[in-house]
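Build the full structure now, drawing on both the sequences and the hints.
If you read the protein sequences in the order shown, they are chains A and B. Residue numbers for the first sequence follow my numbering, so the first one is 324 and each next one is one higher. Residue numbers for the second sequence follow my numbering, so the first one is 43 and each next one is one higher.
If you're looking for bench data, these hints aren't it; they were derived computationally from the structure. Keep in mind that this is a model prediction, so the values were computed, not measured. We put the CB at the ideal spot given by N, CA and C, even for glycine. Be aware that a few hints might be false.
[Stated by the list, open to error] Distance condition first, Cα-Cα at most 20 Å in a straight line; then the derived EDC-like pairs of lysine to aspartate or glutamate:
1. A:Lys424 <-> A:Glu387
2. A:Lys424 <-> B:Asp129
3. B:Lys107 <-> B:Asp129
4. B:Lys107 <-> B:Glu128
5. A:Lys424 <-> B:Glu96
6. A:Lys391 <-> A:Asp408
[Unchecked claim] Here's a subset of chain B near chain A, in silico, CB distances under 8 Å, partners left out:
7. Met73
8. Gly102
9. Val141
10. Val154
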Amino acid sequence: AQSVTQLGSHVSVSEGALVLLRCNYSSSVPPYLFWYVQYPNQGLQLLLKYTSAATLVKGINGFEAEFKKSETSFHLTKPSAHMRDAAEYFCAVSDGSSASKIIFGSGTRLSIRP
Amino acid sequence: SAVISQKPSRDICQRGTSLTIQCQVDSQVTMMFWYRQQPGQSLTLIATANQGSEATYESGFVIDKFPISRPNLTFSTLTVSNMSPEDSSIYLCSVAGVVGELFFGEGSRLTVL
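Printed below as a string of structure tokens:
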């Protein structure tokens, strides 16, 4: 069985500050991991994905995430926050067998202070 | 990635009525997925729609409440039947990518009064 936990339902950072959104997973098989972003009144957009290749994954909009097997983590970071980054972020895990097996985290709402 | 269009983008409905949501994909896909996102919540898979066969529903969702059609490889509909205020949610259509990632439509925001 797989599960994913996002630590912190709401994160607030100042514009220009480091963004760190935390995600821990549980999986009995090598996982596939994803981060999605949902801007207000929009659907979900894939930010980045880890599929057992490089452990540091770069995504769109300057985001990246690092897969750490020893810590069962896949935290999302961005060096400098922009106002446009304000959104809901979802971490997700899959065993890779089927898209219907993707498990989503509860989400983290990112707010950016001017 | 696929381009997914959903209609309607939002609607306000009276309890007891039904609403059909349409999903159009710009390429042929084997499976289409329907998700529900209740206010302030994460995503829950309702069902997987395969062309030419009955949809596969997840635990807690039944065909009588959420009938799905899949007439061809680029189109699907989800109907929310006999609606109640608890059905107020965002309904999202999605398709899978090469490594099982999901691509989503813009969602259909339903409010039931």
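Hint check:
Restraint check: the Cα-Cα separation between Lys424 of chain A and Glu387 of chain A comes to about 24 Å, which exceeds 20 Å; the hinted pair is violated. Note on Lys424 of chain A and Asp129 of chain B: the hinted pairing is violated, with a Cα-Cα distance of about 23 Å set against a maximum of 20 Å. Our distance criterion of 20 Å between C-alpha atoms is met by Lys107 of chain B and Asp129 of chain B, whose separation comes to about 10 Å. Of the pairs offered as hints, the one joining Lys107 of chain B and Glu128 of chain B holds, with about 13 Å between alpha carbons and a cut-off of 20 Å not exceeded.
A threshold of 20 Å between alpha carbons decides the hint, and for Lys424 of chain A with Glu96 of chain B the separation of about 19 Å falls inside it, so the pair holds. Only pairs whose Cα atoms come within 20 Å are accepted, and Lys391 of chain A paired with Asp408 of chain A is rejected, the gap being roughly 24 Å. Checking Met73 of chain B against chain A by beta carbon gives a least distance of about 7 Å; that is within 8 Å, so the hint holds. Violation of the interface hint for Gly102 of chain B is found here, the shortest Cβ-Cβ separation to chain A being roughly 15 Å, above the 8 Å cut-off.
Among the interface hints, the one on Val141 of chain B holds; its C-beta lies about 5 Å from the nearest C-beta in chain A, closer than the 8 Å criterion. Here the hint on Val154 of chain B is broken, as its CB sits about 18 Å from the closest CB of chain A, past 8 Å.
Taken one by one, the earlier hints fail for this structure at numbers 1, 2, 6, 8 and 10, listed in ascending order.
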